[in-house]
Amino acid sequence: MKTNFLIILIFVFHLLYITTSFAGVIVADSVFSAGSGLNNQRTIVRDSDGNLYIAYPKNYLGYYHIFIAFSSDGGATWDPHWATITSGDKHNIQVSLAIDSYDTLHLVWVGNLTSIGSNNGDLMYRKYPGGTNTVICAYSGYPGAHCPSIAVGPDDDIHVVYSGCPSGWRVRYLHYDRATDSWDPPEDVGTHTPSRWPSVEIDSDNDVHLIYRNQPAAHYRTAHREKTGGSWLPVEQIDIHLNSVEYSSIYIDKWDNIHATWVFRNTFYGNPDTVRYRRYNNSAATWETIYSIFGTDTSLTYCGDVVVDTMGIVYVFYHNFDSVYLSVSYDGGVSFPVDSAVSDTLGCRYPNARGSNYPEFNRVYDECIDFVYTWRNPTEGVNYLIYDNLCGISPAESTIVCAEFIEPLES
1 MKTNFLIILI FVFHLLYITT SFAGVIVADS VFSAGSGLNN QRTIVRDSDG
51 NLYIAYPKNY LGYYHIFIAF SSDGGATWDP HWATITSGDK HNIQVSLAID
101 SYDTLHLVWV GNLTSIGSNN GDLMYRKYPG GTNTVICAYS GYPGAHCPSI
151 AVGPDDDIHV VYSGCPSGWR VRYLHYDRAT DSWDPPEDVG THTPSRWPSV
201 EIDSDNDVHL IYRNQPAAHY RTAHREKTGG SWLPVEQIDI HLNSVEYSSI
251 YIDKWDNIHA TWVFRNTFYG NPDTVRYRRY NNSAATWETI YSIFGTDTSL
301 TYCGDVVVDT MGIVYVFYHN FDSVYLSVSY DGGVSFPVDS AVSDTLGCRY
351 PNARGSNYPE FNRVYDECID FVYTWRNPTE GVNYLIYDNL CGISPAESTI
401 VCAEFIEPLE S
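According to the numbering used here, the sequence shown is numbered sequentially starting from 1.
FYI, nobody ran anything at the bench for these hints, they're computed from the structure.
Take the hints with a grain of salt, since some may be wrong.
Result set (DSS-like, lysine-lysine): computed pairs, CA atoms no more than 27 Å apart in a straight line [stated by the list, open to error]:
hint, residue 1, residue 2
1, Lys90, Lys127
2, Lys127, Lys254
3, Lys127, Lys227
4, Lys254, Lys227
Computed spacing ranges between beta-carbons, pair by pair [unchecked claim]:
hint, residue 1, residue 2, range
5, Thr289, Asp156, 19 to 27 Å
6, Thr114, Ala284, 48 to 56 Å
7, Thr289, Thr310, 23 to 31 Å
8, Tyr60, Asp207, 38 to 46 Å
Heads up, the beta-carbon is just placed ideally off N, CA and C, and yes, glycines get one too.
Work out the full structure, taking the sequences as your base and the hints as a guide.
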């Protein structure tokens, strides 16, 4: 197989030392502008044999459709069209991917859009292999489905959160019971309108946890809500500062600590400017102090995505207009001494890291992070889906990292 190489110099301006790293591998071209997924959505998973899967939307015959890419060698090479999930004359975007303990993939996405930018999408679900594309919430009025997120619990039940659909900007929750092979009725979770950007995770007690944007008192604020014993507990506002928040993300580690990130706007209609992080300490049963990882009231910062490895190291990815960044905490989120670029300045956006509390084989082990992002080639005007990984991250002197985009030819 012929391989083309694009050499890119990356200036790491804070502290970052990587003992081993793949070059960035081009998985697919002509993907959606956020082809690697929004930060509340996981799009890359690992199965029990170590194989990797990425769900993504790609332009095919004039419409965006959902595909699954597959790698059996740890991400070195990819089959970009290992599975074709959608086809036809409607757009399908905003996919979220999970895997269960039987190595079955589960996808939710916004489908049947008449045009990109319209808000008339259905909420779609598919398990793979097997299964069929199923409308689990049909559009009935503005807005349709928006930003779904999916997670698997310790009992392999499926949990889905989303906003919109059938109408109205409310965060809603769906539960699939594996034992009865059925979906429970949808539940309203957001207590105010509009509420958006939900992200879902499941703890070891099989309790459901959501982080999302709520709107009490005319301000968008970050909220946490938990379902335990079949009932929803009251909403917790975990960022009560005025003005606005966007782009929430959640991860629950193996000790059942909750890790939440979001992006704060200094003014209500201002630019997203600060990545914020907060941890719920499970043993102390308390939310700890908010940590502002990066940003000022004049910067442009988007899409903080958080994962935690089995050693307790916290990783937060985010991007600005051109570059993907990674912040790392070695003390469970108390401080983030590492905050460095992991991509060049040629239009890299929407980082999305692999990891989930369940199944355990999809957790982040050995300080090795698999992640994807979208790169827009400035000369071609084409969006590429990029896979990369980082291992052995620790503080070091500032340095220049030379990275490659490896582009295998597609069959």
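Each hint, compared with the structure:
For a cut-off of 27 Å, the pair hint linking Lys90 to Lys127 stands: about 20 Å separates their Cα positions. The hinted pair formed by Lys127 and Lys254 meets the criterion: a straight-line CA distance of about 26 Å does not exceed 27 Å. At most 27 Å may separate the alpha-carbon atoms for a hinted pair to count; Lys127 and Lys227 meet this at roughly 24 Å. Proximity of Lys254 to Lys227 is assessed by CA-CA distance (about 19 Å); at most 27 Å being required, the pair is judged to hold.
Roughly 36 Å separates the CB atoms of Thr289 and Asp156, a value that falls outside the hinted 19 to 27 Å. As the Cβ distance of Thr114 to Ala284 is approximately 50 Å, the hint placing it in 48 to 56 Å holds. Between Thr289 and Thr310 the Cβ separation comes to about 24 Å, which falls inside the hinted range of 23 to 31 Å. The hinted window of 38 to 46 Å between Tyr60 and Asp207 holds, with their beta carbons roughly 40 Å apart.
Violated hint for the displayed structure: number 5, the only one.
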